[in-house]
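Enquirer: Chain residues, written in single-letter form:
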Amino acid sequence: MKKGNFENSFLLTKFILRRERVISCAWIVLLTLIVVGLVPGMKTAIDLESLDSLLPIMEIPAMVAMVGPAYASITGTFGALYTNFMMLFTAITVALMNIFLVARYTRTDEERGRYEVVRSLPTGRLANLSAVMITVVIVNVVLSAVLGLGMYATGDESMCFTGSMLWGMTNGAVGLVFAALAALFCQLSSSSRGATGYSFMALGFLYLLRAPGDMNPDMEILARISPLGLALRTEAYIENNFWPIYILVAAAAVITAAAFYFNHVRDIDQGIIAAKPGRAKGSFLMKTPAGLSFKLLKSGIIVWLVSMFMLGASYSSVLGEIDEFIAQNDMYRTLILGPAGIEFTEGFTVEQTVAFMQAAVRQAGFTLPELFSAMINNIMSLVTVIALLIFILKAVHEERDIRAELIHAAPVSRTRYLAGYAAIAFVCAIVLQFALVIGLYGVAVTSLADPSELTFLFLLEANMVYVPALWVMIGVTVLLIGAAPKASGAIWGYYAYSFLVVFIGRLSVFPAWLSKLTPFGYINELPMKQTEPLTLAVLTAIAAALTALGIFFYNRRDINAITH
Amino acid sequence: MGYSVELENVSKFFGKTEALKDVCLQVNEGEVFAYIGPNGAGKSTTIRVLLGILKATKGSAKIFGRDAWKDAVEIHKKIAYVPGDVNLWPNLTGGEVIDLFVNLRGDRGKKTDDALRNRLIKDFNLDPTKKCRTYSKGNRQKVALVAAFASDVDLYILDEPTSGLDPLMEQVFQACVMEQKSKGKGVFLSSHIMSEVERLCDRVGIIREGELVEVGTLDELRHLTRYTMEVSAERQITGLNNLAGVHELKEKTNSVNFLVDTPAMGTVVAHLTQFGIKKIESTPPSLEELFMRHYKKEGAS
Ligand SMILES: Nc1ncnc2c1ncn2[C@@H]1O[C@H](COP(=O)(O)OP(=O)(O)OP(=O)(O)O)[C@@H](O)[C@H]1O
Ligand SMILES: [Mg+2]
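The listed protein sequences correspond, in order, to chains A and B. Position 18 of the first sequence, counting from 1, maps to 18 under this note's numbering, and the rest follow consecutively. Plus 564 on top of the position in the second sequence (first one is 1) and you've got this note's numbering.
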C-alpha cells in the first residue's frame, strides 16, 4: 500500500464529521441521558437494604446468561451493581451506533453513488475508509469521556473517578471493535444491508458466546474471546482492570488493518463475497395480494415469534427462586401480590415472609407462580400489540412508498387488499400469544420444583384471554388507515395510553374509568378474576366492526393520499 | 368499435388546487394514444383517475364503457399499468415481481405464458435474480414493462415508461408496442419523448395545467401550424406580403424564405407559379416545435 492511498484523508474526515455530527451527538447524548439519568431513580428504588437482596438475583444463572457474571456481589456497592447490570446493554447500544456509522459512510455512500464522486477527486484509494475510521476513533473517545464523566458527575460515593472513566472507556473500546468489524464486513459484502446484517449477526454471536464463559469458569476463554465478555472483565468500581481495554483496542486495530487490505484489493461496488442470486421466479406466495403481504412481513413475523418465545422462556427461568425474590422486594410484592388482594406487615425474616406468603396465596386459592405469571402475561400482551401494530401499519407504509397503487392497478379490490393485512394481523395475535405460552411453559416445567403450580392450560387461557383486546387494537388501526391515513401513526399515542393505564394501573393509582378507555381495561387477569365470555364476544365484535368500517372508508378514498 | 378510454368533464381537486379541469377525451379501441404535456400538467393524475386509484371530483371516467372507479377490479383484468416512477419491493427479486403482476392480472386457473415472459426478460436484458433494491431506475422500469407485456390484456396504460431506458431498450420497447398494436391492443401512453410519440402513436392529446388543449392525429395537429418554405424562381417574387397566411418573409438575392399557415398553402403555391419556380422546398414543423407551441402559455389560443 503506497502512501498516496491515504491522500486527503483528513479533509474527508472533516467532511464526514460535518455530516455526522448531529447523528453521533444525538446517540451519545441520549445514551448518556438514559444511563446516567437512571442512576438517581435506581438509587431510591433500591434502598441499601434491598441492595443485598438484589445481589443474589444477579447470580441466578439466567441473569448471568443475560447480563454477565455477578462480579458486583463481591463488595456489593450500588455503583458496581449498577454498572454490572448495565454493562452489556450500553455496550450493545454503542456497538449498534458504530455499525450504523461505519455502514453509512462506506457501503451506503458507495451504493448511492456518493463514494464515486469522492474517488473522482484527488483522494487516495483508502482515504475514505481511513477518514471513516478516524471519525470512529473521535466519536468513541468523546463517547467514553462523556459516559465516564456523566457517571462520575452523579456524585454517588461508590462511583470513583477511575472506575467511572474505565467504564466509559470500556464502552468506547467495544465500540471501536464493532466499528472495525463493520468496516471489514463492508468490504466483504457487496451491499450495505448485507454488511449491517453480518455485523448484527457477529454482535449476536459474540453476545451468546460469552454466556457459557460467564456462567462456567471452565469456559472462561469463551468470554475472553468475545469483546462483550472482555468488557465485563474490567469490573468497574471493583477491580478496575485496564487490561481488557488494551486487548479490545489491539483487536480493533488488527481488524481495521484487514478491512484496509480488502478495501485495497476489491473493486468499487463489489464485495469480496459475491452476492448470491435470488429467485428467478415467484413462489406460490406471489399469486395473491395476501401472499405478497405475508412475504413482506415474513421475516418480521419470525423474529417476533422467536422473541416472544425467548421472552417467555427468560421470565419463566426465574420461577425457581420466585418465593425469595418476591419476599425480598417491596416493589414486586406490591406488583404481584397486590392485585390478588394479599397484604403484608413488615418486620419478619425472609423465611417467615416466604412461609406467610405461601400460606396466604394458598388460602386465596392461587399459586405464587400463577400470580407472577399474571403480571408477565399482562405486560407481554402489551408487547404483542407492538408487533401487531407494526404488521398492520405496513399497509400504510406500502402506500406511502407508492407500491400499494401497483397492486390496486391489478384486479385486486381495496377490500381484498386491506382485509389481507388485517387477517394476517388477527392471526398473528393468536400465534404470537401462543409462542409466548410455549416459552413460558417450556421453561417453567424445568425450573419449578412442583410443575403443577403452573399448568399449560392455565397459561394458555391466561394469555389467550387478551386476544380480543389485541384485535380491537388492530381494528382501531385499520379504521385509521381507512379514514385518516395521514394520522395512522396516532395509534402509537393510543398504545402509549393503554400501556400506562394498564401497566401502572396494577398499582391502583389511577381511577378505574381511565382503564375503560382501552380494550385492555376489560380483560381481567387470571387467576384473580375470570373475564365474562360475553365481554370477550363484545370486544371481538367491536374489533370486527372497526375493521369493517376501516375497509369501508379505504374503499372510498384516494390511494397515495399520504404522499402529498 | 367502442372507446377504450372515455373522459367526460373530469375534474380533480387536491384540496384547493385543481389538477384536472373538465377534461373530455375519447380514445378508440385498438388505438395507440399519446398523452403529452409539460411537467405537472396532470398526466399522471389522469392516469390514476383512469385506474380508479384516485376518485374524480367531478365528471365520469370510463374504460371499455365501465366506470373506472366503481368497476375498477373488473376493468383491471383487461389492462396493464406501468408507472413513471417504478417503486418496487426492495427485498423481492425482479423475477418474483414479474410473476406477481402476471399472476394477479391473469385468470386464475389459466396457465401463464412462461415462454413469453422469458423471451421478454431476454429482450429487455434483465437479470431476474437480482433484488429490486439493487436495480437502477431503468431496470426497475424494465421489470414493470416485462410484467405488463407478459400479461394478456386489451389496454396498456403506460406513464412515461421509457424515461430511464437507454436507446437500445427504447427500441425493444417500441417493438413491443408495435406488436401489441398489430394484435389490435390499445395503448395509452404518456411520454416526454417526441420521437417515440411520432413513431408509435395514432393520435395525440396535449394537456397543459390540467386542461386538454388539443387532440388529434399528428397530421391534424400539423395542420394547425406553419410550414417553412424556401423558393427560388426565374423572376423576382413579389406580392407575398399581401397574401393572408404568410409570415416572417425574408427576401434574399435569388430566393425567398417564409412561413406559411397550412390552410393557406394552396393559394400561396398558386401565387408563386406566376414567377416560374425553379426550386421549392417545404419543411413541416418538427414535432418538437409543434409541442413547444402548445406547451408554452401563449400558444394556447
Ligand atoms: N396527491 C396529490 N396531492 C396534491 N397534489 C397533487 C397530488 N398528486 C398530484 N398533485 C399535483 O397535481 C398536478 C398534476 O400532477 P401530475 O403528477 O398529474 O403531473 P404530470 O403531468 O404527470 O407531470 P410529470 O410530467 O412531471 O410526470 C401537480 O401540480 C401536482 O403537484
Ligand atoms: Mg407524471
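Any given hint could be a false lead.
Unchecked claim - Label pairs and their calculated CB-CB ranges:
1) A/D558 to B/K686: 49 to 59 Å
2) B/R697 to A/A548: 57 to 67 Å
3) B/S700 to A/I272: 15 to 25 Å
4) A/V117 to B/T581: 33 to 43 Å
To be verified - One side only, chain B facing chain A, incomplete, derived with CB under 7 Å:
5) H640
6) G659
7) L664
8) N667
9) P692
10) T693
11) E762
12) R763
13) D766
14) R767
15) R799
16) N805
17) L807
18) M829
No wet-lab data here; the hints were simulated from the structure. Cβ coordinates follow ideal geometry from the N, Cα and C atoms, glycine included.
Enquirer: Give a verdict on every hint.
Expert: Hints versus structure:
1. At about 38 Å, the CB distance of A/D558 to B/K686 disagrees with the hint of 49 to 59 Å.
2. B/R697 and A/A548 have their C-beta atoms about 36 Å apart, which leaves the hinted 57 to 67 Å range violated.
3. Remark: the range hint 15 to 25 Å for B/S700 to A/I272 is upheld by a beta-carbon distance near 23 Å.
4. The beta-carbon spacing between A/V117 and B/T581, approximately 37 Å, falls within the hinted interval of 33 to 43 Å.
5. Using the Cβ-Cβ criterion of 7 Å, the hint placing B/H640 at the interface with chain A is satisfied: the shortest such distance is roughly 4 Å.
6. Against a cut-off of 7 Å between C-beta atoms, the interface hint on B/G659 holds, since the closest Cβ of chain A lies about 4 Å away.
7. Because the beta carbon of B/L664 sits about 4 Å from the nearest beta carbon in chain A, less than 7 Å, this interface hint is met.
8. At a threshold of 7 Å, the smallest CB-CB gap from B/N667 to chain A is about 5 Å, leaving the interface hint in force.
9. Among the interface hints, the one on B/P692 holds; its C-beta lies about 5 Å from the nearest C-beta in chain A, closer than the 7 Å criterion.
10. Taking 7 Å as the C-beta contact cut-off toward chain A, the hint placing B/T693 at the interface holds, the least distance being around 4 Å.
11. A cut of 7 Å between beta carbons decides the hint on B/E762: the least distance to chain A is about 27 Å, and the hint is violated.
12. Given the 7 Å rule on beta carbons, the hint for B/R763 is violated: about 26 Å separates it from the nearest Cβ of chain A.
13. The interface hint given for B/D766 is violated, since its Cβ lies 24 Å from the closest Cβ of chain A, which is over the 7 Å cut-off.
14. The beta carbon of B/R767 is not positioned within 7 Å of any beta carbon in chain A (closest approach about 23 Å), and the interface hint is therefore violated.
15. Proximity of B/R799 to chain A is violated relative to the hint, the smallest CB-CB distance being about 64 Å (cut-off 7 Å).
16. Look at B/N805: its Cβ only gets to about 54 Å from chain A, farther than 7 Å, so that hint breaks.
17. The interface hint given for B/L807 is broken, as the beta carbon of that residue sits about 52 Å from the closest beta carbon of chain A, more than 7 Å.
18. The beta carbon of B/M829 comes no nearer than 45 Å to any beta carbon in chain A, farther than 7 Å, and the hint placing it at the interface is violated.
Hints 1, 2, 11, 12, 13, 14, 15, 16, 17, 18, counting from the list given before, are not met by this structure.
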